[in-house]
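Sequences listed follow chains A and B, in order. Heads up: the first sequence begins at 24 in this note's numbering, then just goes up one per residue. Heads up: the second sequence begins at 24 in this note's numbering, then just goes up one per residue.
Because the hints were derived from the structure by calculation, they are not lab data. The structure displayed is predicted, hence computed values, not measured ones. Be aware that one or more of the hints could be misleading.
The list cannot tell twin chains apart, which means a pair is met if one copy fits it or any two copies do.
The calculated EDC-like cross-link candidates involving lysine to aspartate or glutamate, where the alpha carbons are at most 20 Å apart (straight line), are [to be verified]:
#1 Lys326 with Asp236
#2 Lys189 with Glu91
#3 Lys26 with Asp263
#4 Lys395 with Asp246
#5 Lys189 with Asp177
#6 Lys92 with Glu221
#7 Lys197 with Glu89
#8 Lys326 with Asp263
If you want the building blocks of each chain, they are given just below.
There are 2 protein chains.
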Amino acid sequence: MIKVNPARLLEDLAALRQIGGQGTGVVREAFTATDLEGRRWLARRFTDAGLRPVWDPVGNLFGLPETEKPAVLIGSHSDSQPEGGWLDGSYGVVCGLEIARAAQEAGLQGIAVVSFADEEGTFEPLLGSRVWSGELALSTLQDRTDRMGRKLADTLASVPELRAAKQVPHQLFKAYIEAHIEQGPVLDDAGEAIGVVETIVGMQHVEVVVVGDQNHAGTTPMDRRHDAVMSFVAFAHAVDEAFCSEAGPATVWTFGRVNVTPNATSIIPGRVDAMLQIRDPDQARLNHLAARAQMIAKGISAKRSVEIRTQVVAELPPAPLDAALAGTLIAAAGRLAPGRWRRMVSGALHDAVPVSRIMPSAMLFVPSIAGKSHCFEEDTRSEDLVQGCAVLSAAIETLLLPGP
Amino acid sequence: MIKVNPARLLEDLAALRQIGGQGTGVVREAFTATDLEGRRWLARRFTDAGLRPVWDPVGNLFGLPETEKPAVLIGSHSDSQPEGGWLDGSYGVVCGLEIARAAQEAGLQGIAVVSFADEEGTFEPLLGSRVWSGELALSTLQDRTDRMGRKLADTLASVPELRAAKQVPHQLFKAYIEAHIEQGPVLDDAGEAIGVVETIVGMQHVEVVVVGDQNHAGTTPMDRRHDAVMSFVAFAHAVDEAFCSEAGPATVWTFGRVNVTPNATSIIPGRVDAMLQIRDPDQARLNHLAARAQMIAKGISAKRSVEIRTQVVAELPPAPLDAALAGTLIAAAGRLAPGRWRRMVSGALHDAVPVSRIMPSAMLFVPSIAGKSHCFEEDTRSEDLVQGCAVLSAAIETLLLPGP
Numbered sequence: 024m025i026k027v028n029p030a031r032l033l034e035d036l037a038a039l040r041q042i043g044g045q046g047t048g049v050v051r052e053a054f055t056a057t058d059l060e061g062r063r064w065l066a067r068r069f070t071d072a073g074l075r076p077v078w079d080p081v082g083n084l085f086g087l088p089e090t091e092k093p094a095v096l097i098g099s100h101s102d103s104q105p106e107g108g109w110l111d112g113s114y115g116v117v118c119g120l121e122i123a124r125a126a127q128e129a130g131l132q133g134i135a136v137v138s139f140a141d142e143e144g145t146f147e148p149l150l151g152s153r154v155w156s157g158e159l160a161l162s163t164l165q166d167r168t169d170r171m172g173r174k175l176a177d178t179l180a181s182v183p184e185l186r187a188a189k190q191v192p193h194q195l196f197k198a199y200i201e202a203h204i205e206q207g208p209v210l211d212d213a214g215e216a217i218g219v220v221e222t223i224v225g226m227q228h229v230e231v232v233v234v235g236d237q238n239h240a241g242t243t244p245m246d247r248r249h250d251a252v253m254s255f256v257a258f259a260h261a262v263d264e265a266f267c268s269e270a271g272p273a274t275v276w277t278f279g280r281v282n283v284t285p286n287a288t289s290i291i292p293g294r295v296d297a298m299l300q301i302r303d304p305d306q307a308r309l310n311h312l313a314a315r316a317q318m319i320a321k322g323i324s325a326k327r328s329v330e331i332r333t334q335v336v337a338e339l340p341p342a343p344l345d346a347a348l349a350g351t352l353i354a355a356a357g358r359l360a361p362g363r364w365r366r367m368v369s370g371a372l373h374d375a376v377p378v379s380r381i382m383p384s385a386m387l388f389v390p391s392i393a394g395k396s397h398c399f400e401e402d403t404r405s406e407d408l409v410q411g412c413a414v415l416s417a418a419i420e421t422l423l424l425p426g427p
Numbered sequence: 024m025i026k027v028n029p030a031r032l033l034e035d036l037a038a039l040r041q042i043g044g045q046g047t048g049v050v051r052e053a054f055t056a057t058d059l060e061g062r063r064w065l066a067r068r069f070t071d072a073g074l075r076p077v078w079d080p081v082g083n084l085f086g087l088p089e090t091e092k093p094a095v096l097i098g099s100h101s102d103s104q105p106e107g108g109w110l111d112g113s114y115g116v117v118c119g120l121e122i123a124r125a126a127q128e129a130g131l132q133g134i135a136v137v138s139f140a141d142e143e144g145t146f147e148p149l150l151g152s153r154v155w156s157g158e159l160a161l162s163t164l165q166d167r168t169d170r171m172g173r174k175l176a177d178t179l180a181s182v183p184e185l186r187a188a189k190q191v192p193h194q195l196f197k198a199y200i201e202a203h204i205e206q207g208p209v210l211d212d213a214g215e216a217i218g219v220v221e222t223i224v225g226m227q228h229v230e231v232v233v234v235g236d237q238n239h240a241g242t243t244p245m246d247r248r249h250d251a252v253m254s255f256v257a258f259a260h261a262v263d264e265a266f267c268s269e270a271g272p273a274t275v276w277t278f279g280r281v282n283v284t285p286n287a288t289s290i291i292p293g294r295v296d297a298m299l300q301i302r303d304p305d306q307a308r309l310n311h312l313a314a315r316a317q318m319i320a321k322g323i324s325a326k327r328s329v330e331i332r333t334q335v336v337a338e339l340p341p342a343p344l345d346a347a348l349a350g351t352l353i354a355a356a357g358r359l360a361p362g363r364w365r366r367m368v369s370g371a372l373h374d375a376v377p378v379s380r381i382m383p384s385a386m387l388f389v390p391s392i393a394g395k396s397h398c399f400e401e402d403t404r405s406e407d408l409v410q411g412c413a414v415l416s417a418a419i420e421t422l423l424l425p426g427p
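Sequences and hints are given; from them, build the entire structure.
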């Protein structure tokens, strides 16, 4: 019977928090000194836990057990946003470390741990897990630069551990389980402790370009205007109304980026460039809503004699996770946190998305206080951190025990 | 009987167009080499026309007749936007020059001409006419800079003509008449030749600041959002609907400037900064509409639990022009362009606004092809340029002749 050690879990989380710590948060952008220091600390902890630290060519750090049979891979990422929270992916990595240790103490083998590289997108979102899963080829990304203009190829070449790094075969693992903070308010609002993620949402980015007539804001009568801002306002308002009635329970939509040209008080705007992001666990609904936005654009465009171009410029299909693995997590949650867990959809992307395409994968959420994440205020109550790790380890125990 | 010379009018307009000419437009920003070259050319033309060129301390250039009685002042400005049209204010200045000449040829005295400094706002919109009329004190503007960082005081000091410049007393003039291109599409659309301006609109700038909650666009459910962009969209949409039913025939309103923070695809915007400009010839209606926008902001603010701050940050009262002078222009237009003139409101500001506060003032518009202005494509048909000057001179003749 695996028994995780709450004090050891929290001590390791606190130790990692010191590396790149800033106020209550952390600054550990991928491949910076603090990120590498954090992951070298992890490598030593892996060794202490009887796991062999292995770096792969894109900088993923695995802790591999000395077993022949495929292992259960537990992990997430330990890099942060430019101003990151102390838990984020680190929680999942340290959970893996603690469960591997606790399993060995219980005489069980077969747990591997991973810290995927650059989940936060210093060079590319989910870089490490997407390259490892084969979704992206590292050879095509050599010239990719970070916001300082540093090239990915040069960055990787500067890390001694990566010089002789080899691929880590997928066949070493039979499943992937990722624990993560929710980064949203649902569990905290409901006073619940565990979310079992059944699907990670898909996403469509609809680029919206409104081209009207730039003109003098004083001398152009209202009935002669083709105002790009007012047309955008009419479009976004109609999209919001339509989506409110046609969206599913987990749909979210956001006009996060809006740029007005020329953006001067006395000039009727000639152009608006905006991005509509739609997320939903159901591909058919994503397609329907994106098409609906395009239909609305046509209507407003005709009514106001402006041009509204809409185009899906990025698309990511929903990632349904493994039902049997989720069932194992649900069984453990039901036992250890009765009435305080729920099935969830993840509205954020995680390393589990690419990994789920190559092996059965599952995810577990713990609450984020007030739903805050990607900021220094990000936090989770200690008892919830411990509870999440306990549920995860109970589920994994089931997976490690020989079947009937 | 004053008879303007069409060829001479068009030749002078063409000559001025060469100075700072670029493509079909002109680049004569206030106090640049091309602006000063243009106005020195004007000064010589004034002399040729028997007018004494006189610069005042802020750089206004007057052409003064050698008469004792108060003169009729005709003019506008000859500076341009950074990429300006060839007519704009130059039309009014050259009309004044031609009418002064034609009047002298007809044995009539008493016409003065002016090119006001920096109407286009290199340092301050309507700088010359506002300082001359006493609305602005030049002493308070010494540190004002242009977009190159050049100080107004240094700029004025570098113009030799201004070193010993003295005030030009208001008492030298009994009335001001400004001809200008319409800069809007109304006359051109209607196939008309003359607009007699009865009022220049007033303006209110309502600053709009929406403060919501910046948050993760994936993990924040729709019912937990306080999205600044969607709140702005709802606000602007409601303002547009309310104004459509409550506005007057000449009201215009524009959200020309909209800035979103942080303006990233995957982040629910936390803040929108926008400016609503309202123009109307009626002060009561301006006040009503600005108050209406503030009321709508309160409603949306309460409904969406966001903060919407609205504040009138700039305000300019409407400038009703002199009814008797307008009547004189109307009589001349009715005679020379029967059925092809109209009474108008000016949606743009002009030097006539400050001047109208110190003496009876009037304005006459000629058509702008397709309503275009403040761009290189700005143009007016030659026959319309000539017609406008003829109507102006006919009206002025009435003013110069001894009364009954």
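Here is how each hint holds up against the structure:
no.: 1; hint: Lys326 with Asp236; verdict: within (15 Å within a copy, 33 Å between copies)
no.: 2; hint: Lys189 with Glu91; verdict: within (19 Å within a copy, 99 Å between copies)
no.: 3; hint: Lys26 with Asp263; verdict: neither (49 Å within a copy, 63 Å between copies)
no.: 4; hint: Lys395 with Asp246; verdict: between (46 Å within a copy, 16 Å between copies)
no.: 5; hint: Lys189 with Asp177; verdict: within (18 Å within a copy, 68 Å between copies)
no.: 6; hint: Lys92 with Glu221; verdict: neither (27 Å within a copy, 91 Å between copies)
no.: 7; hint: Lys197 with Glu89; verdict: within (15 Å within a copy, 103 Å between copies)
no.: 8; hint: Lys326 with Asp263; verdict: both (18 Å within a copy, 15 Å between copies)
In summary, the numbered hints that this structure violates are 3 and 6.
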